[in-house]
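Colleague: Letter by letter, the chains look like this.
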Amino acid sequence: MSMDRREFIKVAGLSALLGVGGKGAFELLRPGELDAFEGQAPENVPAATPKIRWAITIDVRKTDNSVVQKCRGVCDYLHNVPHFDNPKDEVKWIWGDTYEHAFADGANEYMDSSLADLPFLLLCNHCDHPPCVRVCPTKATFRRPDGIVAMDYHRCIGCRFCMAACPFGSRSFNWRDPRDGLKDRKLNPEFPTRMRGVVEKCNLCVERIDKGLIPACVETCPDVLAFGNLADPNSNVRQILRTRTSLRRKIELGTEPSVFYLV
Amino acid sequence: MLEKALVGSQRYWGWIIFLLAIISVGFACWIYQLNYGLGITGMSRDISWGVYIAQFTYFVGVAAGAVMLVIPKYLHHYQKYAKVVIFGEFLAIAAVVMCLLFIIVDIGQPQRMLNVLFYPTPNSILFWDMIVLNGYLAINVIVGWNSLLAERKHVPPPAWIKPFIYLSIPWAVSIHTVTAFLYAGLPGRHMWLTAIMAPRFLASAFAAGPSILILLLLLVKKLTKYEPGEEAIQSIAKTICYAEITNMFFLGLEFFTAFYSNIPGEMHGLTYLFFGLDGYHELVPWMWTSVFFGLFGILLLLVPPLRRMHKFLALACASVFLSTWVDKGVGLVIGGFIPNPLDVVRQYHPTFPEISIATAIWAIGALILTILYKIVISVREQDA
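In the order they appear, the protein sequences are chains B and H. At position 182 of the first sequence the residue is numbered 182 (our numbering), and the sequence of numbers has no breaks. Heads up: take any position in the second sequence, counting from 1, add 1000, and you land on our numbering.
Note that these hints are calculated values from the structure, not bench results. Note that the structure is a prediction, hence the values are computed from the model and not measured. Among the hints, erroneous ones may be present.
[As the list claims (entries may be wrong)] Computed list of lysine to any residue pairs in SDA-like fashion (alpha-carbon distance at most 20 Å, straight line):
#1 H/1225 - H/1374
#2 H/1222 - H/1366
#3 B/139 - H/1116
#4 B/183 - H/1035
#5 H/1083 - H/1280
#6 B/88 - H/1341
#7 B/88 - H/1036
#8 B/70 - B/59
#9 B/70 - B/238
#10 H/1374 - H/1141
#11 H/1225 - H/1006
#12 B/139 - H/1128
#13 B/139 - H/1131
#14 H/1374 - H/1097
#15 B/88 - H/1282
#16 B/88 - H/1040
#17 B/88 - H/1349
#18 B/139 - H/1123
#19 B/88 - H/1344
#20 B/88 - H/1162
#21 B/139 - H/1299
#22 H/1225 - H/1377
#23 B/88 - H/1305
#24 B/139 - H/1040
#25 B/88 - H/1352
#26 B/186 - B/59
#27 H/1083 - H/1162
#28 B/88 - H/1006
#29 B/139 - H/1126
#30 B/51 - B/238
[Claimed, not checked] Pair ranges (Cβ atoms, derived):
#31 H/1118 - B/52: 26 to 34 Å
#32 H/1118 - B/252: 30 to 38 Å
#33 H/1036 - B/111: 31 to 39 Å
#34 B/64 - H/1344: 48 to 56 Å
#35 H/1351 - B/182: 39 to 47 Å
#36 B/190 - H/1002: 54 to 62 Å
#37 H/1118 - B/223: 41 to 49 Å
#38 B/244 - H/1242: 24 to 32 Å
#39 B/52 - H/1027: 49 to 57 Å
#40 B/108 - H/1347: 25 to 33 Å
Just so it is clear, CB atoms sit at the ideal spot from N, CA and C, and this is done for glycine as well.
Using the sequences and the accompanying hints, generate a full structural model.
Modeller: Written out as structure tokens, the structure is:
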């Protein structure tokens, strides 16, 4: 979004006087700007404890290769994630990897192989204290009040500082035109494709959440994944976390991931 | 004064045309990069910074090195540096311009570069790096140019540049400290997450910058009638010696903390660079070459009779230059990404267009340096 808060308030006030509001005002004054923008700007984050803190739990014991494929398939389709044969150009939002890689710093070599051999679904952790947001020089990546770490692809300058900062390897860069990696594939017209030279990653299906839907991976594999509000003590995810032992990646770094692995 | 750069010998113009040829090859590659994307480089989602950012980091050090002349001259009134300090300032100008160019070629959407100004974000170190680098460029242009103008008119430099000169001292420290902070504040990149990153950067800067300066001064002495002064050169050589010893000492400290603590994450980066990890050894010969030449340069500089012979002095400076360049311009950035956050070793091989673009920026630096040094020497030869 190419407006700051002050400018926004000015525009909003003017729009109210003219009797136009909401999306209409954006479309009237900045046509097309809204499409590439995910949710609220970081300036509007309230200091008080949030009422919503979205989180995902992943049942590792039920994760197998078909779950990984289903999640990745639906995510890549919905977000037009390009596929390249060349690992150098790779872009990925959600993928499967081994326990050893997922928990690189704390892998337990004596762990039961029934668990250690299972694939782990990896995605952006939507951290409470995201280093990627801290280092971004343009606020192109920002944390919403509900805990989602989102991206503005039209503001990103492609410096890749966020990729160096992310301790989970969750971010990808468009090394080349992503549309080259979407050829001969069914596209989702609801979600913008990106351009070369910008960073992207899992957005926790923010575009669905804002419509009252749940993330696509959770919807696709409801027996394995759960999505809910961590800030609500009675939510589904809080109940799951009360009864199941869970792991989070690299907690010693203090980023406070909101993706929990149930073991 | 710029007109002095337009009159020169055949050799001068030959050199300029040679540089322009290299620049045009790199420029063509850059146009290709703008059209295709950064996919023309060897970088990937695992090694997301490469040659460009590594060269950027190295030349921030070269730029900061100028302060090793400014401090003795302006704080201690060491008059032997009176004539050479401007060469240091002009070297800083060329180096900072190179740094800015390396950033421009590295970012994926250069046309959006001004977003850093439109949405200023003080919690990003890159925001501060932009401020300190541009500020340092401005300071050195103001100080260098006005000193030379005054020299041409045979008058003392104007009093108003004094505050800029004093400001340039902490500012030189700041450019390399802030650049170190780009790396040293990232969780999960163990090799970079070290409090001595900034002092290590400064030590290597104060060795690398003056080394290049001595090589340049020896070259100037050989090619023109200009005499920089033997005592000045010997003093700079001693500075390099101290700084390079400190630099090697800091490297040893990194080894101690990593290997005595025995924490895998702390060790992996250094293990990869110096011994190889999971069967990947590509950078091992580079890193030991760097250590060898660092120690060799120190040895030559430590022995006064060797240091006084210009042949050995040049060899020592070239050794220190090579050693620090490999350490920072190859090992530091690439090593920091290996192994990746999933503890997997992914290799990085710079491509031809990537190296051409980087070489072109070196050539632009050389071109700026040639023109600025030519002006200084012309002004002084006029007086001789």
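Colleague: Against each hint, give a clear statement of whether it holds in the structure.
Modeller: Results of checking the hints against the structure:
1. H/1225 - H/1374: Holds, at roughly 12 Å.
2. H/1222 - H/1366: holds, 17 Å
3. B/139 - H/1116: holds, 9 Å
4. B/183 - H/1035: holds, 19 Å
5. H/1083 - H/1280: Roughly 49 Å between the alpha carbons, so the hint for residue 1083 of chain H and residue 1280 of chain H is violated.
6. B/88 - H/1341: holds, 16 Å
7. B/88 - H/1036: At roughly 14 Å apart (the allowed maximum being 20 Å), residue 1036 of chain H and residue 88 of chain B satisfy the hint.
8. B/70 - B/59: holds, 15 Å
9. B/70 - B/238: Answer violated: residue 70 of chain B to residue 238 of chain B is near 25 Å, above 20 Å.
10. H/1374 - H/1141: Judged against 20 Å, a Cα distance of about 16 Å means the pair holds.
11. H/1225 - H/1006: Holds - the C-alpha atoms of residue 1006 of chain H and residue 1225 of chain H are around 19 Å apart, at most 20 Å.
12. B/139 - H/1128: holds, 14 Å
13. B/139 - H/1131: holds, 17 Å
14. H/1374 - H/1097: Since the Cα atoms of residue 1374 of chain H and residue 1097 of chain H sit roughly 18 Å apart, the hinted pair holds (cutoff 20 Å).
15. B/88 - H/1282: holds, 18 Å
16. B/88 - H/1040: Status holds; Cα separation ~10 Å.
17. B/88 - H/1349: This hinted pair holds, its Cα atoms lying about 11 Å apart.
18. B/139 - H/1123: Given pair residue 139 of chain B, residue 1123 of chain H holds - Cα atoms ~10 Å apart, limit 20 Å.
19. B/88 - H/1344: Between residue 88 of chain B and residue 1344 of chain H the Cα gap is close to 14 Å, so the pair holds against 20 Å.
20. B/88 - H/1162: Distance ~51 Å between residue 88 of chain B and residue 1162 of chain H Cα, so the pair is violated.
21. B/139 - H/1299: violated, 49 Å
22. H/1225 - H/1377: holds, 9 Å
23. B/88 - H/1305: Cα-Cα ~52 Å, so violated.
24. B/139 - H/1040: Answer violated: residue 139 of chain B to residue 1040 of chain H is near 27 Å, above 20 Å.
25. B/88 - H/1352: Given pair residue 88 of chain B, residue 1352 of chain H holds - Cα atoms ~16 Å apart, limit 20 Å.
26. B/186 - B/59: Distance of about 30 Å is beyond 20 Å: violated.
27. H/1083 - H/1162: The hint holds at about 17 Å.
28. B/88 - H/1006: Distance of about 46 Å is beyond 20 Å: violated.
29. B/139 - H/1126: holds, 12 Å
30. B/51 - B/238: holds, 14 Å
31. H/1118 - B/52: 26 to 34 Å: holds, 30 Å
32. H/1118 - B/252: 30 to 38 Å: holds, 36 Å
33. H/1036 - B/111: 31 to 39 Å: The hinted range 31 to 39 Å is violated for residue 1036 of chain H and residue 111 of chain B, with Cβ atoms some 44 Å apart.
34. B/64 - H/1344: 48 to 56 Å: violated, 22 Å
35. H/1351 - B/182: 39 to 47 Å: Given a distance of about 24 Å, which is not inside 39 to 47 Å, the answer is violated.
36. B/190 - H/1002: 54 to 62 Å: holds, 57 Å
37. H/1118 - B/223: 41 to 49 Å: Roughly 47 Å apart at Cβ, these two residues keep to the hinted range, so it holds.
38. B/244 - H/1242: 24 to 32 Å: violated, 59 Å
39. B/52 - H/1027: 49 to 57 Å: For residue 52 of chain B and residue 1027 of chain H the Cβ distance comes to about 51 Å; the hint holds.
40. B/108 - H/1347: 25 to 33 Å: Between residue 108 of chain B and residue 1347 of chain H, where Cβ atoms are some 28 Å apart, the hint holds.
The earlier numbered hints that this structure contradicts are 5, 9, 20, 21, 23, 24, 26, 28, 33, 34, 35 and 38.
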